[in-house]
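Undergrad: Chain B: place on chain A using the hints.
Protein sequence lines correspond, in order, to chains A and B. Quick note, the working numbering runs 327 ahead of the 1-based positions in the first sequence. Quick note, the working numbering runs 1 ahead of the 1-based positions in the second sequence.
Just so you know, these hints were derived from the structure itself, not from any lab. Every residue, glycine too, gets a C-beta built ideally from N, C-alpha and C. Heads up, some of the hints might be wrong.
[Claimed, not checked] Which stretches of chain B does chain A cover? Using the computed rule of at least three CB atoms under 8 angstroms from a CB of chain A, they are:
1. 245 to 259
2. 284 to 292
[To be verified] Across the chosen pairs, the derived CB separations fall in these ranges:
3. A/Gly430 with B/Ala127: 43 to 53 angstroms
4. A/Ala565 with B/Ala127: 53 to 63 angstroms
5. A/Phe519 with B/Ala233: 19 to 29 angstroms
6. B/Arg135 with A/Val494: 50 to 60 angstroms
7. A/Ile377 with B/Arg135: 34 to 44 angstroms
8. A/Tyr568 with B/Lys255: 35 to 45 angstroms
9. A/Arg525 with B/Asp141: 56 to 66 angstroms
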Amino acid sequence: MNRDAVMSFLSSLVVLAAGLLIGFIILLVSNASSAWEAFRTILTFGFSGIRNVGDVLLGATPIIMTGLSVAFAFKTGLFNIGATGQFAFGGLTAILIGHNFTGMPDGLRIVFALAAATAAGALWGAIPGLLKAFRNVHEVISCIMTNYIGMFLVTFLIDRYAFNPAVGKSLALPEGSNLPTLGFEHIFREEFLPGFYRVSRVNAGILIAIIAAVIIYIILEKTTFGYELKACGFNKDAAKYAGINQNRNIVASMMISGALAGLGGALLYTSGTEAMGASNVLLPYGFTGISVAFLGLNHPIGIIFSGSLVSYLFLGGARTQVMGFSIEVVEIVISVIIYFCAFVFLVKTFLGKHIGKLLRFKGDNA
Amino acid sequence: MNMAIFYSIMHWAVYIMIPLIVVSLGGMFSEKSGVVNIALEGKMIMGAFAGTMFMYYVQNVWQIAMSPWLLLICTLIIATATGIVVSLAHAYASINLRANQVISGIAINMFAVAFAIYTARALTTAGSQHIHYRNVFRIDNVPLLHRIPILGPMLFQNTYFTSLLGIIILAVSAFVLYKTKFGLRLRACGEHPQAADSVGVSVTKMRYAGVILSGALAGMGGILYIVPIASAFSGSVAGYGFLALAVLIFGAWKPQRILFAAFFFGLMLSIASQFSAIPFLRDLGIHANFFRMTPYVATLIVLAFTSKNTAAPKAVGQPYDKGGR
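Pulled out of the complex, with its shape left as it was, chain A reads as follows:
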């Protein structure tokens, strides 16, 4: 472990603690008598039973994917805030295939749905990529536009082709179109009456997300392609001088980033727990992915943990509703974390100055 990695990890913890502190203050202000109880719930509920652990993993699945999406783009010098649109397209594709290709064998259909959703996300991500590479359009702005265009298109398509008027959302998928649970239902469950179980819906999705993280790690750290992509992110002029085709790399990077988000959408809507809304609202997963990415230090393996952590906080936050609080407190905590992430570099320098001295690292001269 080198000094830089330790400092990065410590600064992540500082940022996390700052976010939690502000969350606690907000709880205190709104209801002092049960604030501590609520805060403790947020911190411990995710581990208070094996079923909750399953739910943490279930909730982590989509945000690990969007976190990977944001981090991959960021490593290559791009800011993909369009993950929410790519995510929606992936989800839509999986839903449409799940409903309409019922002639296909179950296993094949789910694989096809995931592959098509990945491709759909990649295509939607390609638009800002192409505009950036060939028309010099800043990807943040074009992502904002494609998010809204995607939202209106996806809502229209759900409304037209997979609408369930009874709940105002997309139709539930036939059981065979959902991800297999791989026997997880026998592990992540709680007996609440003799012979009756509350079961977590955690499924193969979390494994796919972890595999995706490992693959992204390998691409970024172990391949020439990944090295070229990162080189463009570090210094595009130097990369160009070294003969790297910058335009191709920008498009490729946005497409891979979009593909990850698209697959995330598919994993969410084939988990049998969510239906897609048919009102014009941007999905939160892409934005949560930004905090997951930064909290995970934009490292694919770190994101598995930060995604689980964020999911853990959300689960605890939802639980505080029984004490009269609302789940938005967790979103406030996360937004504060993102705000501090904006100057995580500063925190790192500060820590390096004051704490770094106390630690000894191999290779340090001082």
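TA: Okay, now just chain B, sitting in the frame of chain A:
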């Protein structure tokens, strides 16, 4: 098409256009000074939240009898002040700490939604995220002016004081940006901060001014958005902050073009909200969402054709580095 529908569409177009103008002018001041502002949405939400909460308290909790004019003006002041406070967080991160301006903007957007909903649930008696208020601000007929043929019913019936305010802000902003020393200095900081610094302009101060103005206008814009079209605020301004960003780009960072861009966007959204009343559009069988997405598609197309020689301020998004070139 009968005239009543036409007038109704124009009224809505104006209701939509006014907040877009004011908020994108806010964005303009910030970006002209060199600070990217994708936090417009969050500042609008905070402004709308504080303003509607104030109205809710005056009308329902304290039950103060206040004339609609005074209430509206106090509400606007509170919304503006709230926008300024929020913008200080953005300014501190992006100017003093030289942080990534996009990340700080995203954080503010997220914070605003969560904070508005959380606090509304805690403060309203119903414990819901909706903040209701009695909308007493509509002016049915502006004296004399509403008699002007066509223009009268279009602009001077069912109107709000806020619409006039928006136009005044537009005129003042154009004047400030192009005809005052302050405007020149502000623009210099966004184009070439080192040059501005070398002649004694404080880049930090000018950028603070730009971001604070954006917070003020966006905060006020939250109320301008909510008052004509609703009698409750529910923690959302329906993406108008991002739409205002599109208006800003579509309007090439220039006040007079922002006016046209906002009108175009307002008209599109107005048609989207009422197109089922327009026979020939209804018969086309186009889903309302296709009208709703037009502004965004148009902005993308404009960007694709203009970004090679972009009208954006040159130093926008870059923290000022005294030692840079």
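Undergrad: Check each numbered hint from earlier against the structure, then list the numbers of those it violates in ascending order.
TA: 5, 6, 7
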